[in-house]
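> On the provided structure of chain A, position chain B as indicated by the hints.
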Amino acid sequence: MIQVQNLTHRYGDRVALSNVGFEVKTGEIFGLLGPNGGGKSTLFRILATLMAPTEGRAAIAGDDVVRSPALVRRHIGVVFQSQSLDKALTVEENLRAQGHLHGLSGPELRGRMASAMEHLGLADRRKDLVETLSGGLRRRVEIAKALLHRPRVLLMDEASSGLDPAARRDLTRHIESLRDREGVTILLTTHILEEADRCDRLALLHQGSIVTEGSPSELRSRIGGDVVVLESAGAASLAAGIESRFGLRPTVTDGRVRVEIPNGHRFIAEVVEAFPGAIESVVLHKPTLEDVFVHETGASIE
Amino acid sequence: MRRGRPLSNFFLPVITLWQRELVRFWRQKSRVLGVVASPLVFWLLIGYGSNDLARFYSGALVLTVMFSAIFSTISIIEDRREGFLLSMLVSPAPRTSMVLGKILGSATLAWIQGLIFLAFAPLAGVSIGALALLPVAAAIFLISFTLTGLGFVIAWSMGSTSGFHAIMNLLLVPMWMVSGSLFPMATAHGWVKAIMWVNPLTYSIALLNHVLRLPNAAPGGVASLAVTAAFGFVLLMASGAMAARKNAV
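Sequence lines, in order, name chains A and B. First residue of the first sequence: 95, per the working numbering; consecutive thereafter. First residue of the second sequence: 133, per the working numbering; consecutive thereafter.
In case anyone wonders, no lab produced these hints; they're calculated from the structure. It cannot be assumed that every hint is accurate.
When the alpha-carbon atoms are kept at most 25 Å apart in a straight line, the in silico BS3-like pairs for lysine-lysine are as follows [what the hints assert, rightly or not]:
| hint | chain 1 | residue 1 | chain 2 | residue 2 |
| --- | --- | --- | --- | --- |
| 1 | A | LYS221 | B | LYS161 |
| 2 | A | LYS181 | A | LYS221 |
| 3 | B | LYS161 | A | LYS181 |
The shape of chain A in the complex, shown without the other chains (with noise of 0.2 Å):
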């Protein structure tokens, strides 16, 4: 459904993408992972025929987004981090006026703006004006809105940065409805890892390349067994000497030494024996998908 080839983007000198490449099929709910800064924004205004981009390309649908931008424009339904409701505006002219955009009108648009805040859980908010509601409603109304001409696919991003967690988990659901109810094919970009984690495939985003992609748990699963946080004031020295008496490759980020190793309770024995007093605290758990980005990237996430 939606396919990039060798897309790059640069602003001057500076690189925001470099020769990326994914497919996203129909019906699945794909996810850009990867920090602020990362490239995920000038993907998505590529994606959204907002921005051409310096080389490459990139097709929803089979129609190309720099040749073929009104046609991919008929096919996407679009979320922004930012909002782009008219706030004095009510949800019902809101959805209207997306409505015109679209060339609905008359009683089908009538019918789609009943469906799409029914669905939403908006029909009894829909005479308020957009900046009396919460931001969790906000939101909703904004994918009410991307939703009401029956887009193939939607376009998400960060849609859900800036709300609070059960808002989150709410929005969460409704996309998994959309997909499976509508079969629509869904692309977000994220940094929030739980919100990554419900995604059917990821890629994960870092300076401007994709660095690996596959389904969460297929990426958790390229970490062998555990992994243990050591808290030090001496994070790199600890490091190093873990690196020399255990024959391990531990990174550091932010004063901790992160180990990725099979049967994490044994190896925490031994290294808490090993440096006494250099270790202030010690946490085991299944590799995350920050431990991935971690593990492919060297970086963190947030």
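Chain B alone, transformed into the frame defined by chain A:
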């Protein structure tokens, strides 16, 4: 389905944008006061001060229209990067209909505020009969449309609102000052007179003076109408061309 209705695909977005401007305006009625009040105070002070309200009337009316047109188009800067205009840019609605809708909407607001200012015409000794109202209202609308086009071109080419004050103080206000609003062309110094001849706003003020039958209508009536309309048309085309560019944000 949509291919079969090209006209409604073009005009529905125009109408919806136009309507949006009006609804927003109606919900923020205090804006009217702000836009009309300062030119009004300015006009009354300078008019009573020089004991010639009539001479400054057209200028003050154009200033009202200009303030309104600029203030409502300047919102494009924010609106395009994070706001309602974003969803318009990713919709299949033609960019030209977006431009026309926005300009018509803002022009209508400027026009309404111009008409409010027109209510003070009797103070300037101008009485407008029912029949004369039509050309006056039409002239004010044309000027509103032109200045909104100017606002659109300025706003679209600006990356942020930070440069806005500079544009206002260094371009728009001086442009207004040398348009015949404060002094007639006849008595102006040579180089100022030259600027006045090429300043499109001179023709807008002259057009108003003509329809209101006020003195100091330096360029002729036909020339005033033609130049104002042509300026508006050029700005509309420029706005359309700018908005149609590929990298919209």
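> Run every hint past the structure and note whether it holds.
Here is how each hint holds up against the structure:
For a cut-off of 25 Å, the pair hint linking LYS221(A) to LYS161(B) stands: about 20 Å separates their Cα positions. Taking the CA atoms of LYS181(A) and LYS221(A), the gap is about 12 Å. The hint holds against a cut of 25 Å. Taking the CA atoms of LYS161(B) and LYS181(A), the gap is near 16 Å; set against the 25 Å cutoff, the hint holds.
Going down the numbered hints, you'll see the structure goes against none, and every one checks out.
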